[in-house]
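Visitor: Chains as they are written, first to last, in the numbering used here: chain A, 1 to 291; chain B, 1001 to 1243.
Everything labelled a hint here was simulated from the structure, so no lab data went into it. There's no promise every hint is true.
Part of the chain B face toward chain A, derived, beta carbon under 8 Å [unchecked claim]: (1) W1046; (2) T1112; (3) K1115; (4) T1116; (5) R1121; (6) S1122; (7) G1124; (8) P1126; (9) S1129.
Just so we're clear, the structure is a prediction, and the values are computed from it rather than from any experiment. Glycine residues also receive a C-beta, built at the ideal position from the N, C-alpha and C atoms.
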Amino acid sequence: MTTPILAALPAWFSNFLESETLWKAVGAAAILLGGVITITILNRVALRIFGPRLGSQGVMVLKKLIRYLGFAFACILALNQIGLNLGAILGAAGVAGIAIGFAAQTSLSNIISGFFLIGERPFELGDIIEVDGISGTVDTIGLLSLTLRTFDNRSVRIPNETLVKTNVTNVTRHPIRRFNLDVGVAYDENIGHVLSVLRDVSEKNLQCLDEPESLIIFTGFGDSSLNFRLGAWCLQEDYGVLRNTLPRELKERFDEEGIEIPFPHMTLAAGKALAPIPVRMVADADKSQPG
Amino acid sequence: MGPLNLALLRRHDEWRVSTWEDGEFPELPEEGDRQDLPASLEWERWDCSDDDSRVRLLPSFPDLPIIAKPTTSLSIAPGGNALFYVGIPASIEVHGECGADLRKLTSISTETLSKTWHGDRSEGEPCYSLRTRARRHFEPEDWPGHDIIVTVDLYNEGEDPFEFERLFLDLEHFSIFGHEGRLWSNACRIRISEDEEEGNDITYEPGPLHPVADATEIAHARAGTIRHSSLRRAFASVIDVIN
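Work out the full structure, taking the sequences as your base and the hints as a guide.
Guide: See the structure below:
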C-alpha cells in the first residue's frame, strides 16, 4: 500500500521518509514523550505512597529528584536510539563528572544536607524559623537551599548546608508559646506586692492562658533595680497581640499602684564610703578671687 | 444580656450590628431611633434585600470547649457521685433575613472569657476557663441571667477517692433549653474510670434535670444530639510547669 503513495511523492521526500535517520529520530521522540508520561505517573504514585511520611519539604525534593533522574534516563535512552555511542559519552561524562564534582563540592554538600533535613524534618513550609539571627516564614524548600520570607517581606536564600551546620529555631512548631517580660522595680518596693501585681496583670490579660500557669519570679538584685520575670503563655496566633498588650498593661498597673520602674543610676562617693561629695558654691568662689 | 449591649439596625439594604459593654456609653433606652445611638459605635454590616426585615436572636454556647474549676476541690468517694451546676456565659447568635431566608450573621459572647490550654505543650486544644462557677446546689441568685446552666453528675467508678479540681467539657453536643427566663442545657453524667488513659464516658440526657425537666428546647446541639461519648482526659491537669 505504501509504495504507490511514496511513488507519488517527490523523490527527495520519499527518500527522506525511507531513511533510517527519520525513524530513529521518531523513536527517540517517542522515548522522550514516553519518559515525560512515565515521570508524571511515577511522581503521582510516589507522592501517594511516600507523601504523608515525607512532609512538604520531602515531597518537593522527591518530585524534583524523580523529574531530574527521569529526564536524564529518558535522554540517555533517546540518544541510544539515535545511535550515538553512549559508552564514549558516559566515559566522557565520568571524567567530566569528576571535574564537576570537585568544582561543585558546595552544591553537592547542599544537596546531601537537604536529604538530612528531609529525614529530620525540623520545619515545614509556612513555619516561622530563626536562622543566624534572621527570622521569617519558610517560603520554599529546594534541593540546594531554603527561601525565607522575612517579616518586612524580604526574601532570604539560606543554603541547606547552613541549616545543617547552624542552630535553627522553629518558633511555630508547638501550638502554645511563652512570652518572657523582664521588668525591674525600685529597691523601695515590696517584693511580695510586686509579685501579686504581676500575677493579677497576667490573669486579666485576655491573650494570656490560665494554663500553663504564668511564670512569675523574682530574678535577683540588679544594679539599680529589683528584677522580676513574667513568663506568660499564649496561643501561637495570639503572640503578637500579647507582646503588645502585656507590657502596656503592666506599666499602666504599676503607675496605678505607684510602683516605680527605675532608670539605671549610680551613687558617687568621694573618698570614704558614703561620705558626702564636697560642694563649693561657684558664685562665692568667683567673689573670693581678686580681679 | 449580662454586660453585653447589642444594637441591631436595618438600613440601606444592610443589617448592621454593633456591641458594647456596660459602662462604655451612657444608659440607652431599649427602643429608639438611630440618632439615639452613640456616634462612635463600630458596626459590622451584612448585605440584604430591600424587603428583608425578620431577625432572630438565639443563645448559643461559646465556640471553644470550657474548663470549669470549682472554688475548692472536692473529693468524691469510690462508688460515690456528686452533682455540679456549671454556669457558662451564653453567646448570642444574630440571624437576619437575607433573601427570604434567615442567615446567621454573627455570634457574640455576652462575657469575655479567659483562655486556657487543655493538653501538653506540644499537643492539645484551646479552651475557655471558668474559675468559680461549678457549684453543688442551684441557687438562682448565684447565677447571672446570661449563664447557661449545665448539670454534671460525676460518678466515681474507681477504687480510690477522686479529687475533683477541674473538668473539661466539650459543648458541641449540648442543646439549650429555656425555663422561667433562664437558660439550661441537657444534663450529662460522667463516669470517672480508674485509668485516665481510657477516657471518661459521658452520657447526655435528652433534657435538663428535675425541677426544670419540662423546659423548652431553644437551640439544638451544634454537632447534633448523641447519647454517649468519651471525653479524653476530662479531669486531667495535664500541664507540668517546668520553668
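Visitor: Determine for every hint whether it applies to the structure shown.
Guide: Okay, the hints, checked on the actual structure:
1. Restraint check, B/W1046 versus chain A: the minimum CB separation of about 25 Å is more than 8 Å; hint violated.
2. For B/T1112, the suggested interface contact is upheld, since its CB lies about 6 Å from the closest CB of chain A, less than 8 Å.
3. Using the Cβ-Cβ criterion of 8 Å, the hint placing B/K1115 at the interface with chain A is satisfied: the shortest such distance is roughly 5 Å.
4. With a cut of 8 Å, the hint placing B/T1116 at the interface with chain A holds, because the nearest CB-to-CB distance is about 4 Å.
5. For B/R1121, the shortest C-beta to C-beta distance to chain A is roughly 6 Å, which falls under 8 Å, so the interface hint holds.
6. This hint holds: B/S1122 has a C-beta 5 Å from the nearest C-beta of chain A, less than the 8 Å allowed.
7. Among the interface hints, the one on B/G1124 holds; its C-beta lies about 7 Å from the nearest C-beta in chain A, closer than the 8 Å criterion.
8. The restraint placing B/P1126 at the interface with chain A holds, with a minimum CB-CB distance near 6 Å, inside the 8 Å limit.
9. Taking 8 Å as the C-beta cut-off, the interface hint given for B/S1129 holds, the closest approach to chain A being about 4 Å.
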